[in-house]
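Undergrad: This is what each chain is made of:
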Amino acid sequence: MWNKIEGESREKISQTQLSRLQDTVTRVYELTPFYKEKFDELDINPKDITCLQDIQKLPFTKKQDLRNHYPFGLFTVPMSEVVRVHSSSGTTGKPTVVGYTQADMDVWDEVMARVYTMAGATAKDVVHNAYGYGLFTGGLGFDSGAKKIGATTIPASSGFTDRQIMLMKDFNATILAATPSFALHMYETAKKSGSDYLKDFKLKSGVFGAEPTSDGLKEEVSRVWGIDYHEVYGLSEIIGPGVSSNCKHSKLLHINEDHFYPEIVDHKTGKVLPDGERGELVITSLTKQALPIIRYRTGDITSLHREPCGCGRTMVRMESIVGRVDDMIIVNGVNVYPSQVEHVIANTEGVTLNYQIIADKKGHLDKIDILVEVNDDVLSDSVAEMEKIKKDIQHSLANNLYINANVKLVEPRSIERSMGKAVRVVDKRV
Amino acid sequence: MSKILKQLSIFVENKKGELSDITTLLASNNISISSINLSDASDFGILRLIVSDNDKAKAILDEAGFSSRFTDVFAVEVSDHVGSFNSVIKALAKENINIEYTYTISNAQIGAFIFRISDRELNHAIKTLASDGINLLSEV
Ligand SMILES: [Zn+2]
Numbered sequence: 001m002w003n004k005i006e007g008e009s010r011e012k013i014s015q016t017q018l019s020r021l022q023d024t025v026t027r028v029y030e031l032t033p034f035y036k037e038k039f040d041e042l043d044i045n046p047k048d049i050t051c052l053q054d055i056q057k058l059p060f061t062k063k064q065d066l067r068n069h070y071p072f073g074l075f076t077v078p079m080s081e082v083v084r085v086h087s088s089s090g091t092t093g094k095p096t097v098v099g100y101t102q103a104d105m106d107v108w109d110e111v112m113a114r115v116y117t118m119a120g121a122t123a124k125d126v127v128h129n130a131y132g133y134g135l136f137t138g139g140l141g142f143d144s145g146a147k148k149i150g151a152t153t154i155p156a157s158s159g160f161t162d163r164q165i166m167l168m169k170d171f172n173a174t175i176l177a178a179t180p181s182f183a184l185h186m187y188e189t190a191k192k193s194g195s196d197y198l199k200d201f202k203l204k205s206g207v208f209g210a211e212p213t214s215d216g217l218k219e220e221v222s223r224v225w226g227i228d229y230h231e232v233y234g235l236s237e238i239i240g241p242g243v244s245s246n247c248k249h250s251k252l253l254h255i256n257e258d259h260f261y262p263e264i265v266d267h268k269t270g271k272v273l274p275d276g277e278r279g280e281l282v283i284t285s286l287t288k289q290a291l292p293i294i295r296y297r298t299g300d301i302t303s304l305h306r307e308p309c310g311c312g313r314t315m316v317r318m319e320s321i322v323g324r325v326d327d328m329i330i331v332n333g334v335n336v337y338p339s340q341v342e343h344v345i346a347n348t349e350g351v352t353l354n355y356q357i358i359a360d361k362k363g364h365l366d367k368i369d370i371l372v373e374v375n376d377d378v379l380s381d382s383v384a385e386m387e388k389i390k391k392d393i394q395h396s397l398a399n400n401l402y403i404n405a406n407v408k409l410v411e412p413r414s415i416e417r418s419m420g421k422a423v424r425v426v427d428k429r430v
Numbered sequence: 001m002s003k004i005l006k007q008l009s010i011f012v013e014n015k016k017g018e019l020s021d022i023t024t025l026l027a028s029n030n031i032s033i034s035s036i037n038l039s040d041a042s043d044f045g046i047l048r049l050i051v052s053d054n055d056k057a058k059a060i061l062d063e064a065g066f067s068s069r070f071t072d073v074f075a076v077e078v079s080d081h082v083g084s085f086n087s088v089i090k091a092l093a094k095e096n097i098n099i100e101y102t103y104t105i106s107n108a109q110i111g112a113f114i115f116r117i118s119d120r121e122l123n124h125a126i127k128t129l130a131s132d133g134i135n136l137l138s139e140v
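Protein chains in written order, with this note's numbering: chain A, 1 to 430; chain B, 1 to 140.
Hints are not guaranteed to be accurate.
Claimed, not checked - With a straight-line Cα cutoff of 20 angstroms, these simulated SDA-like cross-link-like pairs (lysine to any residue) come out:
(1) Lys-62(A) / Phe-34(A)
(2) Lys-390(A) / Val-430(A)
(3) Lys-15(B) / Lys-62(A)
(4) Lys-361(A) / Ala-398(A)
(5) Lys-58(B) / Ser-382(A)
(6) Lys-408(A) / Lys-16(B)
(7) Lys-56(B) / Phe-34(A)
(8) Lys-388(A) / Lys-58(B)
(9) Lys-15(B) / Arg-413(A)
Note that these hints are calculated values from the structure, not bench results.
No experiment lies behind these values; they were computed from the predicted model shown.
Please model the entire structure based on the sequences and the hints provided.
TA: Shown next as structure tokens:
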């Protein structure tokens, strides 16, 4: 454990959270017209927050609110106190901009140090950081955490894969920080270059994140490199990477809840859901100075778990992100996430296949078609075997997700793509 | 010469013009098709081709966004002797070798039966037929 608070009693953690929440609420009420207005509308005063449950009285903050105040409208400190800004690229409209005071940077270093410690890293390790350095929080976030624990950092950034592999080998990197897809790409490249990668490399674990990742890809990265896979969750609006990560005892991610207060809400009603139930993750920053944020709607679907963990940490754990709120569809009353469909297909066929979910109405009922692109890995010369693939996927979807879908096999590259990414859901009911 | 022929099996959706798209595409790249067979289900099918240049044909299909793979088959000439089809069936049945499918081809040069046996039993099948004096074609 990096910090003993990670294993504190629940009472102690709750006390810390409450006093920090009260400070944060007072701070935004006094310093941000946007929040003052919202609080006044709901007739809430910072003094009304007397226990943690009172957080449910507070208004939500949405990504659009950040965009509306582009670039620095929600900052609560003068720019002279802001030591860093980061920005996330918006696929639509303006980007979102976040700022950090020196105290915020210290918190970021602290939580990233916890992440590295959870992944088994110490000052003796060499961290190969292949996250992109720049406005994106990945590169510098993973950089500063490695520095905090005293490890040696190789700031490789992204691109130049061949050279990265050479450096990773020659510098005896022991920890890989990268997106999972880049980690897999590095392996493919290493294999092509003919280097006896498992013998030549000293890697023992990796800290991966920044993109939605199927279990299949996680296992593959872990297997091909022969390393422990540690997942890191975060978002720039809250801090960047470092909101949560998993220890070696489970796949659930410990949330650094002394800095980031998590709730799970029903994304339609906004009502808080009990532990274990899936819904939208909402986070309130408890210590942020430059850009405190109240009940931020992350858009990510997960669930919270409070059972004790084998590592001794007492911080609440979250499931790896199941999907995005924007992608979820309801079919005859059942919630369906594209990532789950992807997972079922990968488990059934042993490979990841491109797919698209098409929801439509048939009379009063919802009807769902799933297009699955055939590729050379699953292609068989036998029509009966291809029919079997179709039936097997239908069967698994019914058993695992409780949906009766009509699976249709289609040719490669026939599913429509938008800016290079396959369109996962087409809802013809709306 | 090897008696095993490489057949290219291509996944096709049952939509209008799909087959002629593929044959036109190959022809325009100077690949000649000596055998063509379609096995289909309700909404898709497997198009089986024997072509003049396997690797080039595969590359062209990959490029055009078709999924395809090679399947080993063998061919028996129809005119080889009367009842050539029956004699193959009998010889294989005697050894309990299962035929996955068979189809006939005829083009300007030749009339033949194509046989598909599982990869596991293919060599055994070829040896069996050779010892029964059944002549397999090295090309079609
Ligand atoms: Zn743990």
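Undergrad: If you draw a straight line from the CA of Lys-390(A) to the CA of Val-430(A), is it 20 angstroms or shorter?
TA: violated, 27 angstroms
Undergrad: Take the C-alpha atoms of Lys-408(A) and Lys-16(B), compute the straight-line distance between them, and say whether it is at most 20 angstroms.
TA: Since the Cα atoms of Lys-408(A) and Lys-16(B) sit roughly 17 angstroms apart, the hinted pair holds (cutoff 20 angstroms).
Undergrad: Decide if the proposed pair is consistent with the structure: Lys-62(A) and Phe-34(A), CA atoms, cutoff 20 angstroms inclusive.
TA: holds, 12 angstroms
Undergrad: Are Lys-388(A) and Lys-58(B) close enough, with their CA atoms no more than 20 angstroms apart?
TA: Roughly 25 angstroms separates the two Cα atoms, so the pair is violated.
Undergrad: Given the hinted pair Lys-15(B) and Arg-413(A), is their alpha-carbon gap at most 20 angstroms?
TA: With a Cα-Cα distance of about 15 angstroms, the restraint between Lys-15(B) and Arg-413(A) holds, given a limit of 20 angstroms.
Undergrad: Mind checking the alpha carbons of Lys-58(B) and Ser-382(A) for me, to see if they're no more than 20 angstroms apart?
TA: Holds - the C-alpha atoms of Ser-382(A) and Lys-58(B) are around 18 angstroms apart, at most 20 angstroms.
Undergrad: Given the hint that Lys-15(B) pairs with Lys-62(A), does the C-alpha gap stay at or below 20 angstroms?
TA: violated, 45 angstroms
Undergrad: Are the Cα positions of Lys-361(A) and Ala-398(A) separated by 20 angstroms at most?
TA: holds, 18 angstroms
Undergrad: Lys-56(B) and Phe-34(A): Cα distance at most 20 angstroms?
TA: Violated, at roughly 64 angstroms.
The structure fails hints 2, 3, 7 and 8 (numbered hints given earlier, in ascending order).
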